[in-house]
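Student: Letter by letter, the chains look like this.
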Amino acid sequence: MRNRLKVLRAERNWSQADLADKLDVSRQSVNAIETGKYDPSLPLAFKIAKVFALPIEQIFSDDELAQAAE
Amino acid sequence: MTCETAESVRQRRATVRYMRDMALAGAIYVACVFAAALAVRQLDPPQWAKIVLALIPLAPALLMLRAYLVNLNSMDEFQRRMQTDALLITTGVVVFGSFAWGFLEEWAGLPRVGMLWVFPVFSMLFGIVHMVIRFRNR
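Residue numbers (my numbering), protein chains in the order written: chain A, 474 to 543; chain B, 2 to 139.
Since the hints were made in silico from the structure, they are not lab data. Be aware that one or more of the hints could be misleading.
What the hints assert, rightly or not - Here are a few chain B residues that face chain A, going by a calculated C-beta distance under 7 Å:
#, residue
1, ALA7
2, GLU8
3, SER75
4, ASP77
5, GLU78
6, GLN80
7, GLN84
8, PHE136
Beta carbons: idealized from backbone N, C-alpha and C, even for Gly.
Given only the sequences and the hints, what does the whole structure look like? Please build it.
Tutor: Printed below as a string of structure tokens:
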């Protein structure tokens with residue numbers, strides 16, 4: 474799964490620690506999601522969407538679908 | 002000046018609580034082992050009492066397990082994933098390692114290793130594996 478977490482975070486000038494604090498997770502977890510090492514659970518994905526005030530599909534996208542679109 | 006977030010404060014507190022509970026359980030464990038071993042050797046109690054004394058160190062070991070589970074519940078989902086990965090790898094290595102060693106003892110005459118070593122080896126190996134996983138996901 475792909476995500477735009479790093480870009481969205483940079484747009485808001487948030488550090489990984491800032492975002493981690495908003496999501497109640499560790500900075501390590503934010504880093505793992507950003508680098509694609511870990512796909513968050515559905516509840517955490519919804520929480521991320523809420524923090525960025527965006528629909529979930531504007532943050533996360535399926536690898537195969539994203540490749541097909543490119 | 003370091004700016005600590007609420008989440009990092011919460012995690013630091015959970016870690017301090019875990020270390021404190023583990024240290025306490027560890028101290029009780031050492032005391033129980035020495036007291037039980039001394040009682041078995043010096044008093045030469047009946048068999049049923051030996052069984053009870055031999056199982057006494059299990060109580061603080063269960064306290065360690067409780068401290069671990071409390072700490073596990075304070076973690077986020079990614080941290081728990083790293084824990085379960087480390088647990089699975091460690092379990093696999095210890096189970097297959099002891100299985101292989103059993104055959105080596107029976108058929109190749111290698112020295113007997115007591116079951117007592119399984120828990121310390123498991124704990125140590127789990128610590129190392131978890132450290133490697135954490136390092137790879139730092």
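Student: Compare the structure with each hint and give your call.
Tutor: Status of the hints after comparison with the structure:
With its C-beta approaching chain A no nearer than about 6 Å, B/ALA7 sits inside the 7 Å limit, and its interface hint holds. The criterion of a C-beta within 7 Å of any C-beta in chain A is met by B/GLU8, whose closest approach is roughly 5 Å, and the hint holds. The beta carbon of B/SER75 comes no nearer than 11 Å to any beta carbon in chain A, farther than 7 Å, and the hint placing it at the interface is violated. Among the interface hints, the one on B/ASP77 holds; its C-beta lies about 4 Å from the nearest C-beta in chain A, closer than the 7 Å criterion.
Using the Cβ-Cβ criterion of 7 Å, the hint placing B/GLU78 at the interface with chain A is satisfied: the shortest such distance is roughly 6 Å. Taken as an interface hint, B/GLN80 checks out: its beta carbon lies about 6 Å from the nearest beta carbon of chain A, inside 7 Å. With 7 Å as the threshold, the beta carbon of B/GLN84 stays out of range of chain A, its nearest partner Cβ sitting at about 12 Å, so the hint is violated. A least Cβ separation of about 11 Å between B/PHE136 and chain A goes past the 7 Å threshold, and the interface hint is therefore violated.
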